[in-house]
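Chemist: What follows is the residue order along each chain.
2 protein chains.
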Amino acid sequence: MSGEAPRAGEFELIRRYFAPLAATHPAGLGLEDDAAVFSLPPGREIVVTTDTMVEGVHYPVGEAADFVARKLLRVNLSDLAAMGARPEVYFLNTAWPPGLDENWIAAFAAGLAADQEEFGIALAGGDTVATSGPAVFTLSALGSVEAGRALRRGGAAVGDLVYVSGTIGDGTLGLEVALSRKLEGPSLRQLEELHRRYRLPDPRLALGAALASSGGGTDVHAAADVSDGLVADLGHICAASRAGALIRAEAVPLSDAARAALARNPSLLARLVTGGDDYELVFTLAPPAAERIEALAERLGTPVTRIGEIVPGAAVSVVDGAGQELPLAVAGYRHR
Amino acid sequence: MSGEAPRAGEFELIRRYFAPLAATHPAGLGLEDDAAVFSLPPGREIVVTTDTMVEGVHYPVGEAADFVARKLLRVNLSDLAAMGARPEVYFLNTAWPPGLDENWIAAFAAGLAADQEEFGIALAGGDTVATSGPAVFTLSALGSVEAGRALRRGGAAVGDLVYVSGTIGDGTLGLEVALSRKLEGPSLRQLEELHRRYRLPDPRLALGAALASSGGGTDVHAAADVSDGLVADLGHICAASRAGALIRAEAVPLSDAARAALARNPSLLARLVTGGDDYELVFTLAPPAAERIEALAERLGTPVTRIGEIVPGAAVSVVDGAGQELPLAVAGYRHR
Numbered sequence: 162m163s164g165e166a167p168r169a170g171e172f173e174l175i176r177r178y179f180a181p182l183a184a185t186h187p188a189g190l191g192l193e194d195d196a197a198v199f200s201l202p203p204g205r206e207i208v209v210t211t212d213t214m215v216e217g218v219h220y221p222v223g224e225a226a227d228f229v230a231r232k233l234l235r236v237n238l239s240d241l242a243a244m245g246a247r248p249e250v251y252f253l254n255t256a257w258p259p260g261l262d263e264n265w266i267a268a269f270a271a272g273l274a275a276d277q278e279e280f281g282i283a284l285a286g287g288d289t290v291a292t293s294g295p296a297v298f299t300l301s302a303l304g305s306v307e308a309g310r311a312l313r314r315g316g317a318a319v320g321d322l323v324y325v326s327g328t329i330g331d332g333t334l335g336l337e338v339a340l341s342r343k344l345e346g347p348s349l350r351q352l353e354e355l356h357r358r359y360r361l362p363d364p365r366l367a368l369g370a371a372l373a374s375s376g377g378g379t380d381v382h383a384a385a386d387v388s389d390g391l392v393a394d395l396g397h398i399c400a401a402s403r404a405g406a407l408i409r410a411e412a413v414p415l416s417d418a419a420r421a422a423l424a425r426n427p428s429l430l431a432r433l434v435t436g437g438d439d440y441e442l443v444f445t446l447a448p449p450a451a452e453r454i455e456a457l458a459e460r461l462g463t464p465v466t467r468i469g470e471i472v473p474g475a476a477v478s479v480v481d482g483a484g485q486e487l488p489l490a491v492a493g494y495r496h497r
Numbered sequence: 162m163s164g165e166a167p168r169a170g171e172f173e174l175i176r177r178y179f180a181p182l183a184a185t186h187p188a189g190l191g192l193e194d195d196a197a198v199f200s201l202p203p204g205r206e207i208v209v210t211t212d213t214m215v216e217g218v219h220y221p222v223g224e225a226a227d228f229v230a231r232k233l234l235r236v237n238l239s240d241l242a243a244m245g246a247r248p249e250v251y252f253l254n255t256a257w258p259p260g261l262d263e264n265w266i267a268a269f270a271a272g273l274a275a276d277q278e279e280f281g282i283a284l285a286g287g288d289t290v291a292t293s294g295p296a297v298f299t300l301s302a303l304g305s306v307e308a309g310r311a312l313r314r315g316g317a318a319v320g321d322l323v324y325v326s327g328t329i330g331d332g333t334l335g336l337e338v339a340l341s342r343k344l345e346g347p348s349l350r351q352l353e354e355l356h357r358r359y360r361l362p363d364p365r366l367a368l369g370a371a372l373a374s375s376g377g378g379t380d381v382h383a384a385a386d387v388s389d390g391l392v393a394d395l396g397h398i399c400a401a402s403r404a405g406a407l408i409r410a411e412a413v414p415l416s417d418a419a420r421a422a423l424a425r426n427p428s429l430l431a432r433l434v435t436g437g438d439d440y441e442l443v444f445t446l447a448p449p450a451a452e453r454i455e456a457l458a459e460r461l462g463t464p465v466t467r468i469g470e471i472v473p474g475a476a477v478s479v480v481d482g483a484g485q486e487l488p489l490a491v492a493g494y495r496h497r
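Chains as they are written, first to last, in the numbering used here: chain V, 162 to 497; chain L, 162 to 497.
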């Protein structure tokens, strides 16, 4: 009933596994203080995002610890990417279940160490507690963006073109592979790649930053990352922008693996455009900016594809090659 | 296994109970975006702290929802106070257990609404997920402080005087009342007051800010809040400062309720100085600054009491009126 008595070895766990993650950035003050202190150069704003993952809800019981840690960091980085922000520092709150093996914690920290280096971010604080239930992890990431340049969801205008980065639907197929270990159509190598995409998303930080910076500038009207599913996240943009969207299913970029699965089971299409965990960016821009933004993405080596338009209304509709509207699960339409 | 499908009504819960908490500050962007955007006036730094509370670990099962919420916010505010920071915005991550009553969530949000107003802070983001285990709440608070002025743990010097605010030991006695509903000595009204102090700490924000500002200026060498217990938190200061501390038990300020309990059971003394949840400030300063800081605290109406000195070594010792060292549980000595 009290915060006074961390379980034996808690401070030692922090010292052994987490303090080294805070050693590369001054903000964490070596995890020796009550809080972190952090400053930004003049003219930059702070961007803050936070996500929670629960064992057995957001990842399968038995998932490798380093993948749990890296996905947790990466889904937050994807939120920063969606705002056009540069990663700065992060905070980690862990509620460990009873009897958790110390090797698991060591692997968890090693996963963070690897990704910290890759993405240029460092631990700056957090909290470590015990729980009688499943493990619960909260990671909060701070980024920075040039003042006034953050990409937002609310700026889409009727007539805007809708783009996505990368390929769509691999996350939900990867989840299927994780759960059932099989999926008709893709090769074994393709199945492994789908599984990897689900377990270890690639946040589109370079693209997001470019879209927000003077390169993309005011061309990009709205952006979000595809975490809940393309239709749902575009729906968030539409809700914030008081508009609708029309997506051409044939234009939605798919991986070879997703194409192979779809060839075997055409009814998968609705699931590809509504499934979550792709961590691509979806964004809108006025037609005259299309050429500039496509050239910018090409320079970054990040594929982007035009998939539809912003239209009057409040719904996201997906139409097939014959112009027929695809029936979608209700989740795709939900606005908050 | 996926973040794609929040349980039915999750968006509606956010809209109904949490979006209003974000309405008073622009940083949260109405909870409509992937992240919050936040800027500070030039010359100020960001202070970030985060704490996690687990049902049945940090508060009793059956505790009133508004008290859970307010304590969660206040323990974070106490960390900001310990750094001398002014509260700005906070982020809330909730993992709700199955079958949790919506009235509980409504009361939780109402508790936050009351304290937001009292302490001048607003919700700016978060995450809402489901768990199969006990409720887990993470709150992360952002504050600001004049650049370079944050109070730290690491600056105590041998010869410094050690002060605490308010009274010590009420938190641990209040926990006893919460668990057993009784404690020998205090009156019924005093028992209620101890219980209230445990359930609803008062973060020392005004004192912390004054100690960090030009009023306290460079006079204060080190500070922490008393969350793990006076001896443990002063131990954190000592560890960060590579020094020890000597505390005179008779000087430690006690409430009338604690005095009444101690009169009945003198062996409680060790527990009062090692028990957690007081959320007072402990700080050190050079002797010439004592008069200035005492006058400053008096102007704020916040009692502060000199309880000992920083000495060579690495241990925190507590001596009684006869100069005998008080035997303490090992937790009090632990350095991380």
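Don't take every hint at face value.
[As the list claims (entries may be wrong)] Listed next, the stretches of chain V that the computed footprint assigns to chain L, with coverage defined by at least 3 CB atoms under 8 Å from CB atoms of chain L: (1) 197-205; (2) 209-217; (3) 241-248; (4) 283-292; (5) 301-310; (6) 393-401.
To be clear, the hints were calculated from the coordinates, so they are not data collected in a lab. No residue lacks a Cβ here, since even glycine has one placed at the ideal position from N, Cα and C.
Chemist: Decide, hint by hint, whether the structure agrees.
Modeler: Right, here's what the structure says about each hint:
no.	hint	verdict
1	197-205	holds (count 6)
2	209-217	holds (count 8)
3	241-248	holds (count 4)
4	283-292	holds (count 7)
5	301-310	holds (count 5)
6	393-401	holds (count 4)
The structure fails none of the hints (numbered hints given earlier).
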